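J.: The residues making up each chain are set out below.
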Amino acid sequence: MVPPRSTSGASPPGGRHQRTGEAGSAVSAWLVWAALMPSAYADGGRTPLPVIEPATAGTQCVEPAEVMRRSHMRFLEHQRDDTVRGGVRGAKYSLKACIDCHASAKNASVARAETNFCVSCHSYAAVRIDCFECHTSKSPKLAQGATR
Amino acid sequence: MSRRGFLGVAAAGLAGAVLAPGIQLIEIAQAAPAAGPAAAGASAKVRWGMLIDTTKCAEGCTDCVTACNTENGLAPATRSTDPQWIRKIEIKEIKTGRTASLPVMCQHCADPPCVDVCPTGASFKRADGIVLVDRHSCIGCRYCMMACPYKARSFVHEPLTEQKRDVPRGKGCVESCTLCVHRLDQGDKTTACAEACSQAGHGAIVFGDLNDPASEISLRLRAATSTQLRADLRLDPGVRYQGL
Chain A
221 MVPPRSTSGA
231 SPPGGRHQRT
241 GEAGSAVSAW
251 LVWAALMPSA
261 YADGGRTPLP
271 VIEPATAGTQ
281 CVEPAEVMRR
291 SHMRFLEHQR
301 DDTVRGGVRG
311 AKYSLKACID
321 CHASAKNASV
331 ARAETNFCVS
341 CHSYAAVRID
351 CFECHTSKSP
361 KLAQGATR
Chain B
-1 MSRRGFLGVA
9 AAGLAGAVLA
19 PGIQLIEIAQ
29 AAPAAGPAAA
39 GASAKVRWGM
49 LIDTTKCAEG
59 CTDCVTACNT
69 ENGLAPATRS
79 TDPQWIRKIE
89 IKEIKTGRTA
99 SLPVMCQHCA
109 DPPCVDVCPT
119 GASFKRADGI
129 VLVDRHSCIG
139 CRYCMMACPY
149 KARSFVHEPL
159 TEQKRDVPRG
169 KGCVESCTLC
179 VHRLDQGDKT
189 TACAEACSQA
199 GHGAIVFGDL
209 NDPASEISLR
219 LRAATSTQLR
229 ADLRLDPGVR
239 YQGL
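Respectively, the protein sequence lines represent chains A and B. Each residue of the first sequence is one higher than the last, beginning at 221 in the working numbering. Each residue of the second sequence is one higher than the last, beginning at -1 in the working numbering.
Everything labelled a hint here was simulated from the structure, so no lab data went into it. Model, not experiment: these values are computed from the prediction. Be aware that one or more of the hints could be misleading.
Said to hold, decoys possible - With a cut-off of at most 27 Å between alpha-carbon atoms, the simulated DSSO-like pairs for lysine-lysine come out as follows:
(1) A:Lys316 with B:Lys169
(2) B:Lys86 with B:Lys162
(3) B:Lys43 with A:Lys312
(4) A:Lys312 with B:Lys123
To be verified - Just the calculated beta-carbon pair ranges, DEER-fashion:
(5) B:Thr64 with A:Val347: 38 to 46 Å
(6) B:Gly71 with A:Ala346: 30 to 38 Å
(7) B:Gly138 with A:Lys316: 21 to 29 Å
(8) A:Lys316 with B:Lys93: 49 to 57 Å
(9) B:Glu156 with A:Ser343: 22 to 30 Å
For every residue, glycine included, the Cβ atom is placed at its ideal position computed from N, Cα and C.
Excised from the complex, chain B in its bound form:
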């Protein structure tokens, strides 16, 4: 037998060989493409975003914060170091005395500085524009918290129990608003905060696809002036504000 022929026969024999009890090479090869009726996943054609109309946001109302905590299993923040994904702030222009109340959360930047600085690649942007932390690779260095100009990220200092089934979270990782990604992946078209705001009758938060010209958020953004927080940084945030 020629050398080439021998190698061919040997390779064919190995392919069917049992590597270990229960595992065969051929099975590994077949298992390689993700099995099952998997959904398409995040699409790059979509860019999720939010429009917050500060003229409709009621001072002292924290329905969005409460809804976020309930949806994602966060305990209400009592200390400055407690995790918080969305917070209400009151701002005042000193010269005129004009006040405004608005929620601030992760702005889901198109060019997120948190992703730039992450040493492990745990901080990432999904195809549909949602900026997330992969807790499997987050080492808790908190560099992203320092890089974020919106103070949107929190670090979990204490061990957690009773997490929500769809929202795994734990001690030692950084986390922030996920735009209720678990709901979007299941086909829901809104977030907990936007839902709570419209249920409370304010309707200050509009959630939708910025890439779809017919979506409510796109129509509203086209009709009226909106502001990006810290637009000077040119991060192209997915969250826009009206009436600031």
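Same shape as in the complex, but just chain A:
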């Protein structure tokens, strides 16, 4: 998995040939710009924020949302080895359980459409996941009545 590339490390405009005073003003201008821009992005500016589909009503996630957002990949990666190699099934962090709650009511999937739960965030963060090249992204419970 490729981590999202950070944009915060971009260098301010201004080359080596500039004199110190010019470079200094360029840096301060950039700092003001950098301080102002995030608020503009956050309230629906040039970069649209991901629209996350809500989980199935009446379900409770195994961890608080902020923990899951940051660490879901570690939970899944750790447990998959126990499952595949050790034959331990039905432990706490199960991809199946994720899909059961987070599959879209429209297409019963977490990864088929751009708006689906996994894809909406991962396309925003520019992280390509290949989980669903092998694992099915569909919930069998929802797949009965859902339209493709």
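Given chain A, work out where chain B should sit, using these hints.
T.: Then chain B, alone, in the frame of chain A:
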């Protein structure tokens, strides 16, 4: 404050510190042992195996192959490169003209050559003797396919959709018979092929625990002569054949 005392206080402060929003060191430490009411998993006391009675295996019958495809979500093989986990073969002794029909699949060797050659450790043997491919680390080099004397493994060449929920599989990985490991882990005591064979009335496939002296497979193996395919290689396969 002494140097040692300072370090102790600093370490204690760090342990409770927030590493990042939502993550604390103490939480990571607590999360380390696998949480939840996890099942015991594969046990080394068990060795799953199969006995195939070729005298009962009907010529032309492919019920085991069909059942395997249905259970694991494989499309019926139409080309020689299509994945196939179990296949039926017909053999004939040329001098006498005696024929036999039998299914061949991964023999789940005790000393599997596919595991020996795998460069990434993706090919492995579980504690209960089932030889599997961990697709998370398989790079699709197909060395194991060349190493296997039974031609049991297949490579997935095409992108797949509509996989079974319990059987994830995809393009770029090698795969083979799993002895229906997803069923065994859920407490089932048989495989799709053995079930289909007995349902069809042949009863040519007996599945069970080779380590349990009271299991049907152990009793049958004790009572009658059985053969290992390519016994000369001394791989100690978990699949045995009768009447060859």
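J.: All the hints need checking, so say for each whether the structure fits it.
T.: Going down the list of hints, with the structure as the test:
no.: 1; hint: A:Lys316 with B:Lys169; in the structure: holds (21 Å)
no.: 2; hint: B:Lys86 with B:Lys162; in the structure: holds (23 Å)
no.: 3; hint: B:Lys43 with A:Lys312; in the structure: holds (26 Å)
no.: 4; hint: A:Lys312 with B:Lys123; in the structure: holds (25 Å)
no.: 5; hint: B:Thr64 with A:Val347: 38 to 46 Å; in the structure: holds (40 Å)
no.: 6; hint: B:Gly71 with A:Ala346: 30 to 38 Å; in the structure: holds (31 Å)
no.: 7; hint: B:Gly138 with A:Lys316: 21 to 29 Å; in the structure: holds (25 Å)
no.: 8; hint: A:Lys316 with B:Lys93: 49 to 57 Å; in the structure: holds (55 Å)
no.: 9; hint: B:Glu156 with A:Ser343: 22 to 30 Å; in the structure: holds (25 Å)
This entry satisfies every hint, going by the numbered hints stated previously.
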